[in-house]
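Colleague: Given chain P, work out where chains R and L should sit, using these hints.
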Amino acid sequence: MLGEAVPRKEDIRLITGRGLYVEDLQLPGMCYAAFVRSPYARAEVLKVNKEAALAVPGVIGVFHGSEWPELRARLPELNGSVTLTSPYIDHINIPHHHLFSDRASYVGEQVAVVVAESPYAAADGVAAIEVEYEPLPAVATWQAAMKLNAPRVHDGFDNVVAHLKHRVGDVKTAFAAADIVIERRLETQSLKCMAIECRAVAAQWDAATGTLNIWTTGQFPYMTRGTVAGILGLPEDQVRVIARDIGGGFGLKGVLYAEDVIIPVLAYHLRRPIRWAETRNEHMISSNHSGNQAHDVRIAAKSDGTILGLDLKLYKEVGAYDHFDMMLQINTVNHLTTHYKVPALEIEGWAISTNTPPGSPYRGAGRVEAVFTMDRVLDAIAKETGLDPLEVRNRNIVTPADMPYRNGQIYRDGVPVEYHDIDFPLLLSKAAACVDYHGWRDRQKNLRAQGRYVGIGIGSYVEAGGLGPCEGSTVKIDTQGRISVFVGVNSQGQGHETTLAQICAHALGAKFEDVSVFGGDTRLMNFGFGTGASRVAVNSGNAVLRATGTVRRKVVNLASRILGCSEDEVIINDSIVAVAGARQNSITLGELATRAVRDRHMIDLGGPGLNATEFFYPNTVVWGSGVNMAVVEVDKQTGAVEILKYVVVHDCGLPLNPLVVEGQISGGFAQGLGIALGERLVFDEDGQVLTGSLMDYFMPRASDVPEIQIEHVIFPTSDNPLGIKSVGESAPNAPGAALSAAIEDALEGRINITRLPVTRREILAALRTI
Amino acid sequence: MKHQISITVNGAPYSREVEPRLLLVHFLRETLHLTGTHVGCDTSQCGACTIRLNGQAVKSCTVFAVQANGGDVTTVEGLAQSGELHPIQEAFHECHGLQCGFCTPGMMMAVTQLLDRYPEPTLEQIKHQLDGNICRCTGYHNIIKAVQVAGKKIRAREARVGLS
Amino acid sequence: MFPAAFEYHRPTTLHEALALLEEFGDNAKLMSGGHSLIPSMKLRLIQPEHLIDLASIDALKGIRVDDDVITIGAATTHWEVESSRDIKEALPVLCEVARVIADPQVRNRGTMGGSLANSDPAADWPATIVALDAELVCRSQRGERVVQAAEWFQDLFVTALMDGEILCAIRFKHLPPRTAAAYQKLPHPASRFALVGVSAAVTTDESGRCIEARVGITGVHKHAVHAREVEQSLKGRPFAPAVISSAATMADSGLEIADDIHFSAQDRRELCRTYVERTLKQTYQRMLDCDFQGK
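Note that the protein sequences, when read in sequence, are chains P, R and L. Residue numbering for the first sequence follows this note's numbering, beginning at 135 and increasing consecutively. Residue numbering for the second sequence follows this note's numbering, beginning at 1154 and increasing consecutively. Residue numbering for the third sequence follows this note's numbering, beginning at 1381 and increasing consecutively.
Here chain P stands alone, though its shape is the one from the complex (with noise of 0.2 Å):
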C-alpha cells in the first residue's frame, strides 16, 4: 500500500462537482460582501461617504472601520506562524497592519466593505461610494524606497523594515587569493501565486451552539482561529475554522489576510452569514505578490573552476506590510550553495517595503532565487575558465564522501544544517545521461553551422521542507471498522486524504478502502500548524505513523486476549485480525473497536475506543534534491524559445504515492516555466499594476508545457521514521536556473542572462549581435 501508485480518494466528489470550494458555501439568510479599494499607492482617506451606497436597493450597509473597535484591529505581526526568527537577523521593526485604516498603503488595499443582499447589489454598493483621498508620494519598487529621501511607505518607520547578516569562513582571503573575481546583479520579478480559485472566505455566527464558523481559503486555519477570537474575545472553542476543499494555494493563501478577520467580525455583529470571494481583478491588484528580488553576487574562484568564496548583498520587496519578516530571504541564504561548496561566504541583506501588496511566499520561497543564483555562478565560471558547465560543477559539488555535510550554515529554525543521506553526484550524472548531455554538446556544434541556435543548462535545487514545530494525528477505528485519521493541516490539492491514508492503511493493516482522512477543521483537531513550507507529508504523515501504531499496539493488545494468543501471533491484514499460524481464529476490526468500547481493560491502554492521537516533532528540516536538465532551441528571427529535451531527476526519499509525488513535480515543473519565461507582476512607477488580469498575466497553458522526464532517485532519510523527504516545493526552483543557462548557451553566451524571466526582448537583442 505505501509507495503504491492508488488514485487519489478526494478525486471523486471534485470530479462529480461535489466539492465544497468556500464560494460554494450556500446558508439560510446569506449575505455577500464587497470591498472598496484604493486607487492610489498611498493616500490619506479623508472621507467614505456611505449615502448613496445606502440607497442601493440591496445593500444593508457600508462599514469602513469606525462602526467597531475590532474593525480597527491589527493583524498578527509575524502572520506566517511556521515563522521562526532567524539568528541572522540583526534589525527589524515592522509597521502594524490594520484591517481598516486611514492610510492606504498600496492601490488595492481595502478602504470599506459593502454588505448585501447579493453580490450583484454588493457590487453596486462599492460603485455607488464615493472615497475622498489625499493622494501623497508612494514609492513602487525598492529601488526607489532605498533612495535617499524616499517617501515613507509609512510614517514613523524606515522604509528598510530589516536587515540580517552572517559569514561563513573568510571571504577576504578567499578574494585576496582568487584567480579570477566575478560580479553580477541577479533578480527575479514578483510573481503571482494564481491558484485558479482565489480567496473567499464566509462566517456565520451559530447562535443555537454558540460558535463563529468561518469557512476559509487559508493555508493556516488555526491562524485564523486564534486571531478571530483574540479580536472578538471569544474563547478558541466558540470559533471554529473550516478550509475543506482549496483550489490551490502555493503560498499566497498562506497568510492572513484582513478579509479574513473583517468577514466573521461584520457576521458576528450583524448575525447574518456573509461570503466574500474574491475577483480575479482584485486578487491581481490587492493580493499579496511574492515581490522583486535583487542579487549582487561576488565570486572568488580558481583557475581550475573550484570557489573560493562567495559575497551575496540581497534586495527584497516586501510590500506595504511585512508579514514574515526575512523568511525568504533566509531561505535564499539558506539553499543558496544548493549542491556545492562554498568555503568563505558573506551575506547581508535588507527587507525593504514599498507602496505594493504585502509580499508572501510562492512555492518555493527564496530557493528559485538561490537556484538561479547558484547556477549562475557556476555558469559565469565556467565561461570565465572555459571548462564545461557540467566540469565546473563536478569540481565543486558536495560527494558522499562529504557526508554528513555542515556548510556552516544554521537553518532558520535555529539547528546547523547538515546534510546526509544524499548522493548529489549520482543526481548529476544520471541527468547528464538521460538528457544525453555529451551528445547534444555534439550535435550542438553542427546544427549551429546550420544555423540552428541549440543550449544546454544545468539547474540543482536543495529543498530543506518537513520543517516543525510538529503536527498532530488522531485515528479512530469505529464500531463499523471504518478508521477516521484526523490531521492538524488542510489540503489545496496535494492529495493527502490519500497519501495520510496510505500509511495509515500499510501500518494498521486496514483496507485502504476503509480509512478516511479528515483535515482543515479546527473542532477536528486542537492543533495545526497549517500546510506550507513542504511540511505535511514529513510532519502529518509521520504523526498518522504514531498514532495508528499506537491504535495498532491497542488492537494487537486487545485482540491476543480475545483470541487467546500471545500479541506475537497477532496479524492484522484487509482490517480483519487473526491469529497467525494454522488456527482460522479472527475478529475484524469493526468487532473488535465495538468490544473496546466497554470493556474493562481498556483502561490499561488508555480508555474506551481504538483510538489514539500523537505528534512527530522533527529534530529539524528535512533535505530533498534534485537536478533538472534542459535543452533549447531559440529561433533567431523571433526568439521564440523551443524546449526540445527536459529532464527532472529528483531525491524525496520513499515516495508515499509515485502518482501523487509525480503530480507534484509536474505542476511545479509548469510553474518553473513560467517563472523562467515568462510570468511577472509589473507595476508602473505610481504602483499600479500593468498585469492585472489573465489578459495580461503570463500562466502556461497545455499547448506551453513540453513533455519532461522525471527520473527518481531514492535514498530514504534516517531523519524520520517513513523515510521521506519532502518534494511539494521542489519542481518549481530549478527550472529558471537550466532555462535561462540553456538560452545563455544557445545565443552562444553572448549575454549573460541576469533576470528572471528571460524576456523576448534580450534574447531578440542578443541576436541582433550574433
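Note that these hints are calculated values from the structure, not bench results. A hint or two may mislead.
Taking lysine to any residue pairs in the SDA-like style, the calculated list, with each CA pair at most 20 Å apart, reads [to be verified]:
{"no.": "1", "chain 1": "L", "residue 1": "Lys1441", "chain 2": "R", "residue 2": "Lys1298"}
{"no.": "2", "chain 1": "R", "residue 1": "Lys1280", "chain 2": "L", "residue 2": "Phe1573"}
{"no.": "3", "chain 1": "L", "residue 1": "Lys1553", "chain 2": "L", "residue 2": "Pro1391"}
{"no.": "4", "chain 1": "P", "residue 1": "Lys610", "chain 2": "P", "residue 2": "Pro538"}
{"no.": "5", "chain 1": "R", "residue 1": "Lys1298", "chain 2": "P", "residue 2": "Gly724"}
If we take Cβ atoms under 10 Å as the criterion, some of the chain L residues that face chain R in the derived model are [to be verified]:
{"no.": "6", "residue": "Glu1387"}
{"no.": "7", "residue": "Lys1409"}
{"no.": "8", "residue": "Met1411"}
{"no.": "9", "residue": "Arg1479"}
{"no.": "10", "residue": "Pro1484"}
{"no.": "11", "residue": "Gln1485"}
Chain P is nowhere near these chain R residues, computed Cβ spacing over 12 Å in every case [claimed, not checked]:
{"no.": "12", "residue": "Gly1208"}
{"no.": "13", "residue": "Asn1222"}
{"no.": "14", "residue": "Leu1251"}
{"no.": "15", "residue": "Arg1270"}
{"no.": "16", "residue": "Gly1285"}
{"no.": "17", "residue": "His1294"}
{"no.": "18", "residue": "Ala1309"}
{"no.": "19", "residue": "Arg1313"}
Note that the Cβ used here is the ideal one computed from N, Cα and C, for glycine as well.
Modeller: Chains R and L in isolation, oriented as in the chain P frame:
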C-alpha cells in the same frame, strides 16, 4: 425589468425570473445551486466555468442567463449517469489529472467537446483544444494523458454498444 | 465581477433591431457573441442602459457561397467558420484564421461581425478582411451601405460603422486562379490575441510572376492595415523567396509602433517583417504544392 427564462439543465427543465445582468454561471451556481461550475478569472481566460450550452463548450461567466433562454445546458453534475462515472471522469481519476480540482469541472466539460470533435485526437489537437482552460496544479501532463485514456474508453464503450 | 443593471432586448428581425437602435441611440449597445462586450461590462468599463442581443436574428447568420461571392452573416461564430465545409472548399484561409482565434470556447460564441465591429487592434479577423478586400454590409433604417475593408478600420476601436447602423454581413470574392493565401500569428502569451498577425493572398501568372499581392497586418498598428509597400514591391516580380525577403523588409513602413511590456518598438518592427516574410513564404510553398490555401 426581470425576464422569465426556461433552461434545461442536465436534462431537467427550470423556469426562473432573472435580472438580465445575471450571468449564466451565477444562475447555475446561486439560483439552481449547481456549484460544480466554478469562476476563476472573470475575463473568459481560465475556463473553470466551462459548460455545454446547446452542445457547445462555452464559458458561462461570459454569457448572460437570458441569452441561454430556451437552451439546453450540461454541467459537470450531469456527466455521471445513474451513479456511473463518465469515461472522462474515470480517466481524470485514474491518470491523476487533477490536484486541487478547481479547474477540473470546466476542464472536463471542455474535454467532452474535444472528444466529440476529435474522437482520436493527436497530441497537438489536445493541446490546441485545451487552450481555453488553465490549470495551475498539474502541469497538464496528466490531463493530456487523461484525454487520451478517456478517448480510448469512449471508443471502447461505443464498440461495445455497437456489438450489442 | 458583476455588471451594472441594464434592459435586455432580443429582437428577432433586423427591422426590430434597427428600431430599437434608433429608439435608444447612445444608451444602447449591440451584442453579438458578447465575448469582448461582456468582460468589459463585468469590469463596468461599459455600462449600457439597453443591451440589444442580435442572437435571434436569422438574417445575420449563416454562410452562403454563390458563384460570384461568399457571404458570411455577421453573427456567424468563429467556430461556424472554422468548421464550415463550404468555407473549407471555397475560401479555406478563413478556416485557418478562425482556428487560431482565442480558444475553442470563445470561438463557439464570438462572431466575425462582433469582432469587426469591435475592431480590437490585436484581433485576428481584421488582417484577413483587409488582405482579401472584403466588403462589409451595413444596414440602418436609411438603407444598406457597403464599406470596403480598407476603409473599415479607422482608429483604435473605431470603425466606419455609423450611428444607427448594424453590420450585417461580410462579403468575400472568390480568389482568382493561381492565388495562394495564408495566415500566421504570434499570439500574446496570456490573451492569445495577435502580437502580430499577417494575412497574405498572392496571385501569380502562369510564369510565376506576381500579378496581385495583398497583405494585411494586425496587432502592431492602432488598427489593421494593408502592407502597401510590400504589395507594390511584389507586384510584377517573380514570386520567389528572395523577392519575398526583400519585400518583407518594408512591412512596417508607415506603421505607428511603440514599446510594450513584451517587446521594444524595434522588436515589434522586426517581428512584423518576419511574420510578413514567413506568411508570404508559406503562400509561396502552397503554390509549389498546388495546395493554394492550405486545405
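Colleague: Are the hints correct? Go through all of them and say.
Modeller: Verification of the hints:
1. L:Lys1441 to R:Lys1298: violated (38 Å)
2. R:Lys1280 to L:Phe1573: holds (17 Å)
3. L:Lys1553 to L:Pro1391: violated (30 Å)
4. P:Lys610 to P:Pro538: violated (39 Å)
5. R:Lys1298 to P:Gly724: violated (39 Å)
6. Glu1387: holds (6 Å)
7. Lys1409: violated (12 Å)
8. Met1411: Holds, about 8 Å.
9. Arg1479: holds (8 Å)
10. Pro1484: For Pro1484 of chain L, the interface hint holds, since the closest Cβ of chain R sits about 5 Å away, which is under 10 Å.
11. Gln1485: Since chain R brings a Cβ to about 4 Å from Gln1485 of chain L, closer than 10 Å, the hint holds.
12. Gly1208: holds (19 Å)
13. Asn1222: The assertion about Asn1222 of chain R holds, with a minimum of 19 Å to chain P.
14. Leu1251: Leu1251 of chain R is in fact no farther than 12 Å from some Cβ atom of chain P, at 6 Å.
15. Arg1270: holds (16 Å)
16. Gly1285: violated (9 Å)
17. His1294: violated (4 Å)
18. Ala1309: Per Cβ check, Ala1309 of chain R is outside 12 Å of chain P; nearest 19 Å; holds.
19. Arg1313: The claim stands: Arg1313 of chain R keeps its Cβ more than 12 Å from every Cβ of chain P (closest is about 22 Å).
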